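Now for the letters of each chain:
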Amino acid sequence: MKRSARRRHARAGRGSLLGALLFLATAVPADEALMAPLAQPFAAPDFDLPCEGGGRCRLADYRGKVVLLNFWATWCPPCRAEMPSLERAWQKLGGKEVVVLAVNVGEDEDAIFAFQGDYPVSFPIPMDESGSVVKDFRVTGLPTTYLVTPDGRVTHRAMGTREWDSAAMLAWLRAQARPRQGGTGDGGAGRDRPDRAVLNGR
Amino acid sequence: MPAGAAALESGSGVDPRSGLRFWFVRDEGMSLRLAQILPDQTRGFFLARGFSAAQSDRIALSCVFQTDFRNIATGDAPLAYDLREWVVRYRGESRRMKLRADWDREWREAGLAPGPRTAFEWALYPTTQIYQAGDYNWGLASFDLPPGARFDLELVWTRAGTRYRHVIRDMKCVEDRHMEPGGETAE
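Sequence lines, in order, name chains V and D.
Quick note, this note's numbering runs 156 ahead of the 1-based positions in the first sequence.
Just so we're aligned: 2 in this note's numbering is position 15 of the second sequence, and the numbers increase by one with no gaps anywhere.
I should point out that these hints are in silico values taken from the structure, not numbers from a laboratory.
Bear in mind that the values here come from a model prediction, so they are computed numbers and not experimental data.
Nothing false has been slipped in among the hints.
Derived Cβ-Cβ restraints for the label pairs, each shown as a range:
id	chain 1	residue 1	chain 2	residue 2	range
1	D	81	V	217	50 to 56 Å
2	D	-5	V	278	42 to 48 Å
3	D	-5	V	248	36 to 42 Å
From the derived model, a few chain D residues whose C-beta atoms are all more than 10 Å from chain V:
id	residue
4	81
5	83
6	133
Reference excerpt, derived from the structure (chain D facing chain V, CB under 10 Å, subset only):
id	residue
7	58
8	61
9	63
10	102
11	103
12	117
The beta-carbon is built from N, C-alpha and C at its ideal position, and this holds for glycine as well.
Just chain V, with the same shape it has in the complex (with noise of 0.2 Å):
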């Protein structure tokens, strides 16, 4: 089925649900705070699973980079509203030191398709319909946004939305990208903050 003609199958299917769904979420606040550094930190489990638009996303050809592993779901009203803050990171971050990956879980492309009609965004969508990934990731609720190190370990999360593209959480993950100059590197010693001139820059 062509692109156009799903995406009008899918809209039909559920966009009047969704809608319906949607208008009960609370607001949403910009909120200040960056990522959490794991307790436990561990190794990313490498997945490689399609893609939407076609081809394959294996985690493990960012190996290098830092990867923004963000999970979420069409219908999750707070996944739909950090979208555009994903994306307008994912635009000034370049992808030459971090990444942005946003596993979908448990829906089928024509789902995915028909929200990007709402929520246009370029980087690459994997997509995990079985839920096997996000397992392994031992995420528990949506959205959910991993931290994964060039060397491909876990080392931070935040739940719930964040403002990724901040004057804050921008120079927070360029750091993380070079943890010998200024990331904290801790890898999960301590709460991250970020330093007061970064702060003021906001």
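Got chain V; can you put chain D on it based on the hints?
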């Protein structure tokens, strides 16, 4: 066990957009909101995700609330909960909420396909969670009570090693009724 910090606020209201009732608890560093969802909305949501009409009806009529629980602290103290510790008091009896594992058992016995089971699991509120500052989840909570049932809900959460308890009194499962154009009016 503390009954909650002195700053605890609790109450209920009517969502101006939906006309449906919600209940909230807000304490130092924590915020919880439980909002009614019309059975028709729940039916539609799950019908679109591979559930049969009977199965969607089963969920829709199990007293579903939209739940938003978050750590609103600025400090480092994590906030933790376990829904298995929460107590539903209904008609003089104490019972548990119907949680992910309870539903999953039912769906497996019914032979539900993996796809819908996955969708259901992720739509339902997590059974246990530890929130760092700024963290929260959003999802459906199911109380397995009939439409119109009134109940008290005893909440338990832990913050910085201290357990807190609070009872939300006289919550109500929404009736099975249809949304009218222009919005609903809560009773």
